[in-house]
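Protein chains in written order, with our numbering: chain A, 1 to 347; chain B, 1 to 347; chain C, 1 to 347; chain D, 1 to 347.
Please note that a few of the clues may not be correct.
Pairs count within a copy or across copies, as identical chains cannot be separated in the list.
Listed next, the in silico DSS-like pairs over lysine-lysine satisfying Cα-Cα at most 30 angstroms (straight line) [stated by the list, open to error]:
hint	residue 1	residue 2
1	Lys57	Lys273
2	Lys162	Lys253
3	Lys52	Lys162
4	Lys162	Lys257
5	Lys52	Lys253
6	Lys253	Lys57
7	Lys88	Lys57
8	Lys52	Lys273
9	Lys273	Lys253
10	Lys257	Lys273
11	Lys273	Lys248
12	Lys115	Lys82
13	Lys257	Lys52
14	Lys115	Lys257
15	Lys82	Lys162
Please keep in mind that the hints were generated in silico from the structure rather than gathered at the bench. Keep in mind it's a predicted model, so treat the numbers as computed, not measured.
Number of protein chains: 4
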Amino acid sequence: MTLDVAIVGASGYTGGELLRLLLGHPDVRVAKVTSNQFAGDRVASVHPNLRKLTDLKFTQHESVESADVLFNCSPHGAAMDKMETYLKRAAKVIDLSADFRLRDPAVYERWYSSKHRAAPLLSEAVYGIPELHREAIRGARLVATAGCIATSAIVALYPLFKEGLARGNEVLVDSKVGSSASGRSSEPGSHHPERSGVVRPYAPAGHRHQAEIEQELSMRAPARVHFTAHAIELVRGISTTSHVFLAKSLDEKEIWKVYRAHYGEEPFVRIVKERSGLYRLPEPKLLAGTNYVDVGFARDPHSERLVVVSALDNLVKGSGGQAVQCMNLMHGLDETTALTFPGLHPS
Amino acid sequence: MTLDVAIVGASGYTGGELLRLLLGHPDVRVAKVTSNQFAGDRVASVHPNLRKLTDLKFTQHESVESADVLFNCSPHGAAMDKMETYLKRAAKVIDLSADFRLRDPAVYERWYSSKHRAAPLLSEAVYGIPELHREAIRGARLVATAGCIATSAIVALYPLFKEGLARGNEVLVDSKVGSSASGRSSEPGSHHPERSGVVRPYAPAGHRHQAEIEQELSMRAPARVHFTAHAIELVRGISTTSHVFLAKSLDEKEIWKVYRAHYGEEPFVRIVKERSGLYRLPEPKLLAGTNYVDVGFARDPHSERLVVVSALDNLVKGSGGQAVQCMNLMHGLDETTALTFPGLHPS
Amino acid sequence: MTLDVAIVGASGYTGGELLRLLLGHPDVRVAKVTSNQFAGDRVASVHPNLRKLTDLKFTQHESVESADVLFNCSPHGAAMDKMETYLKRAAKVIDLSADFRLRDPAVYERWYSSKHRAAPLLSEAVYGIPELHREAIRGARLVATAGCIATSAIVALYPLFKEGLARGNEVLVDSKVGSSASGRSSEPGSHHPERSGVVRPYAPAGHRHQAEIEQELSMRAPARVHFTAHAIELVRGISTTSHVFLAKSLDEKEIWKVYRAHYGEEPFVRIVKERSGLYRLPEPKLLAGTNYVDVGFARDPHSERLVVVSALDNLVKGSGGQAVQCMNLMHGLDETTALTFPGLHPS
Amino acid sequence: MTLDVAIVGASGYTGGELLRLLLGHPDVRVAKVTSNQFAGDRVASVHPNLRKLTDLKFTQHESVESADVLFNCSPHGAAMDKMETYLKRAAKVIDLSADFRLRDPAVYERWYSSKHRAAPLLSEAVYGIPELHREAIRGARLVATAGCIATSAIVALYPLFKEGLARGNEVLVDSKVGSSASGRSSEPGSHHPERSGVVRPYAPAGHRHQAEIEQELSMRAPARVHFTAHAIELVRGISTTSHVFLAKSLDEKEIWKVYRAHYGEEPFVRIVKERSGLYRLPEPKLLAGTNYVDVGFARDPHSERLVVVSALDNLVKGSGGQAVQCMNLMHGLDETTALTFPGLHPS
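Only chain A is shown next, with the shape it has when bound in the complex (with noise of 0.2 angstroms):
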């Protein structure tokens, strides 16, 4: 079986990523790139690093007619007026965008401050991490893959949360964030003399991936997160800072085995916390290129908190690879399938 799949919206960073894993698939052949920019250019004129790997070259957005596997990477507010079309088109659609994350047309208008287009369909759509909604993604018709901050803080915290131990059912948040989360497009604040070096905290004090941990995390009673997010000096990279306080007292061994319950037999998740050495934490420049999501945690001595501190490449686990991982699972392949690259060190 070889599964025909197209990219909408393939000139952007997480088009390319998509596709550079696309290409490594043995069972997967990229049939169509789309970019209405780009249209008639090769791939590898925007992508680089896929030079020497493909003769692909964009097409109109409009040119998909059919495929196995829709991906759409266009930007956010673009998916909701073309999923009933890209639904019937592909037998399978998996949309990068923030359209069909958040269940309730409500939570979408009061955070996106405008109405779904597509409402109808938000009941539908699987919200896409596989460590919490493995068997949904699996008969799924319409995946939503996960915010990449939002990424990293629900697979930090759904344990404790589904295990009733947040005090207050309270987190805050605060995560560390590099430049290439905010796309291709330049902008002042992306100019490098002024980006380079920053410790900028562009959300202070909310941010729409705000929305969808509270939404992941509302196992009992609905849950508050305090969230706060920094751009700081990297390209690739998140890392997560989530700070809870502990509903019972719990020692570092009991949390570990709430963390090794949850997620021991999960391939792309990693529990990191060690005595000694330099990484006894997650730390995200160890992950670049990979589908993992490193968790790891300190336990305050002083007070009842708990640090938990999560790493992902926003670029993969946090957008490109966890839609593979979908597709995979989606169609019953091995889940680890063209995601196993281990991460560089030094790097």
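Using the hints, position chains B, C and D against chain A.
Using the frame of chain A, we list chains B, C and D on its own:
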């Protein structure tokens, strides 16, 4: 009046920065700079930015026989054994190590895991943040400058705690710290391939500076500080994000007023909170070489959380510059003398 | 005497740096800073390092009616149409653009692909490197500051060419350049994810500054400059490696003497060539914010090649600082006024 | 067929990278990885990117008793004393140190300042660049992989020298090198505050790799290499700019043909020379983790100079990947096995 000053332990980063500032001070003659390791060498061989500025050479520590001001930049633990001697040889002593920052010997012992060997002097030493202790510094014989991370948190939070605005007297502090804060000695964790590009939670749940923050914020009842520090890709600079839950509902204007009331006249505190532009909140890369501590904040629209952001140069306002500012106060000089470098943009 | 100065085009990086320096100059009153784009805005909203230092606001370009000194920081090509007007309105004009650097209109046309529209003024303009043209600058009405890369190469090579020591009058120049040298405007190539960490040969075989280098080195016969420039991971700073084949055999001591003879008395040229330590040759990261140009060299033991290494801050000695140095000379002030910042280490 | 391989000295960066590649090789079983320092420790404690991939532990060097292939990653100078033993214990040896790269013991002695202690083996060892020595590598018992900088220069220049196109058989080579090229040991010069952001000419006039370049380019008459190396702000990667003066006038098309003729069929050499886009010439940041060496060039319009630009990842094509490529050839495997990672963009 020209002050004769001596710097003990002048070959480290803190000593070098202090020396840079003092060489530009019109009322100071740097009489002695000591380093047992580099005795006999020109200071520019260790501090290459001072080439052509000075012909000073390092001498042995014991060569300091008298001075108007003695600055101690030896590592933590060394000053307490020498302080009695220093106070005999110099009219005023400014200690840049951690030895005399904590007033309570028991607190010192808890955080530094050893008995303080000059405990009687602890109550005399004045904590060197002029924004909190200006009058005491003016009259002090012994000043202990504050820890660099501690300074960033204390200046940011003091007005709120002083006014009793923190709910539960509690605060969560997350600092991002440059590599120069660990000093000049190379170690595996500072090896460039391992340190470059990291987001390393090196003190995920507690750091000695926490003790200073708790001491200085305890205006009313014991404050609780939940502290986390990350090593990030920066050489100079600290950015600290402090999360405070407000004791009563306050809008941004009211909070602004609190900060204005405390810091409106301060020469080295800038309240940075803008509606537009790329630098709406404090940014350490603008502060390299300066004695500013910038403070700003954002009010979480979804909760009573206040996110206070502060930034400084760990080697200037976080140590050498703070020491010079104290010296100026202790000798009746204009507080800003030798500290007026405005910082670079871009950088 | 206080000089009234105006900066035309003050919103760019060059204008901002010039303004920073002039605000610290005791003999200067900054009367006007212009920017058509930002007219009415406070300068600190564009140059955030100047917060709390000045209340100046940008005005329209045409608002400059008279000044003791007019600095032009408008982009290349703009000054030549305005220069007649500038020279009527200001007693002295210092042009930081490229318009008046080349003395020969034909050379200008060859490199800039357009006719010079104020050719008669080219012969009057003095090339603003004081180390070569101090006396002419003192008496000049119009000074054109040198290109930043050109300055690094010319100061490094001038003594060798002046003394006829370059075989074949030929030199190979390889410059490594920080991102601020391209100015404030963002463009795809300056987008942080694309610009970060590059070693991009943006001018692999020729760059306009080559014309300036050839002009200034042509002490005897026409010199031949083979020029290459790389964009590297730096914000501020240029490091230039120049390879010269010696016309006669000289040992390091003799070469040192040549440099000493030319630059021994220069306040802003340091000959950096040490046998030990980490900074044996010029290093741009030590020079951020300073007006130094450091020059050093190594003699290839295997050939008659001399490797001359030079470094400077492109926004100071490479433009704004050089302009202030010229202004000081033109008005009989101490040449180093406002230019004494020593640079930071580490940084 | 599964090859049993051993890596001697596997705790360094080169050994770790080799291990990463071999763990992904379908025809290889990694039987032994040795480190006297870390014997008994899991390899992931030293190479954190290998977490969850392997349970291998380090053993003592002497534990290697037999192997199909023995890779030596011990430091320079160690292999020559052990090589006789290695060749008895393993059918094939691939040495990643510098010990067997130079064919002439006299040349070795000149550059390494000590007599070679296994000189008879020098003539047997094959220099491990497949693009030059593919057939010899296939039949070799002992392969010495090339220096990382040497590889970048040799692959870039070989076609020109082979065809006699370099005037005077002379070339000027300027390399920019990342910090991982100096290995895992921390030292004052690799301390992050000192190494970050430098443009440090660490080998301004000569480096041992020069000997390798001269050896490999001496197709006709002795070639002269003028070599300079800079440490710059990179962890992985080398960019080399080589300046050649052409022996006869050639336009870009003719030069392109020369490169096509030599490298058109090479799986790991890409000729990168584009008219538009951000990556018109080779860029090391695109190559992290890949086995490519990209080569491009620019013809100086003002002289007969050709600027050849090449880039590679020092730990892959510059050592570990080159070693695997050689192993594949020596065992009749597809040359690209385990080496197909395409690299990341952006990164």
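Tested hints:
1. For the homomeric pair Lys57 and Lys273, the shortest alpha-carbon distance between copies (19 angstroms) is at most 30 angstroms, but the shortest distance inside one copy (45 angstroms) is not.
2. Taking the shortest alpha-carbon separations for Lys162 and Lys253, only the intra-copy value of 18 angstroms comes in at or below 30 angstroms, while the best inter-copy value is 39 angstroms.
3. In this assembly of identical chains, Lys52 and Lys162 lie within 30 angstroms of each other by CA distance solely across copies; the values are 25 angstroms between and 47 angstroms within a copy.
4. With identical chains, the CA atoms of Lys162 and Lys257 are at most 30 angstroms apart within one copy only, with a shortest distance of 14 angstroms there and 42 angstroms across copies.
5. When the C-alpha separation of Lys52 and Lys253 is checked against a cutoff of 30 angstroms, the pair qualifies only between copies, where the shortest distance is 20 angstroms, while the shortest distance within a copy is 50 angstroms.
6. Taking the shortest alpha-carbon separations for Lys253 and Lys57, only the inter-copy value of 25 angstroms comes in at or below 30 angstroms, while the best intra-copy value is 53 angstroms.
7. Proximity of Lys88 and Lys57 under a CA criterion of 30 angstroms is satisfied intra-copy only: 24 angstroms inside one chain copy versus 53 angstroms between copies.
8. Taking the shortest alpha-carbon separations for Lys52 and Lys273, only the inter-copy value of 13 angstroms comes in at or below 30 angstroms, while the best intra-copy value is 40 angstroms.
9. For the homomeric pair Lys273 and Lys253, the shortest alpha-carbon distance inside one copy (11 angstroms) is at most 30 angstroms, but the shortest distance between copies (43 angstroms) is not.
10. In this assembly of identical chains, the alpha carbons of Lys257 and Lys273 lie at most 30 angstroms apart only when taken from the same copy (13 angstroms versus 44 angstroms across copies).
11. Proximity of Lys273 to Lys248 under the C-alpha cut-off of 30 angstroms is restricted to the intra-copy arrangement: shortest distance 21 angstroms within a copy versus 39 angstroms between copies.
12. Taking identical chains as interchangeable, the C-alpha atoms of Lys115 and Lys82 lie at most 30 angstroms apart only when both belong to the same chain, with a minimum of 15 angstroms there against 53 angstroms between chains.
13. Taking identical chains as interchangeable, the C-alpha atoms of Lys257 and Lys52 lie at most 30 angstroms apart only when they sit on different chains, with a minimum of 18 angstroms there against 47 angstroms within one chain.
14. In this assembly of identical chains, the alpha carbons of Lys115 and Lys257 never lie at most 30 angstroms apart, being 43 angstroms within a copy and 38 angstroms across copies at closest.
15. When the C-alpha separation of Lys82 and Lys162 is checked against a cutoff of 30 angstroms, the pair qualifies neither within a copy, at 35 angstroms, nor between copies, at 56 angstroms.
Hints 14 and 15 from the list above are not met by this structure, while the remaining hints are.
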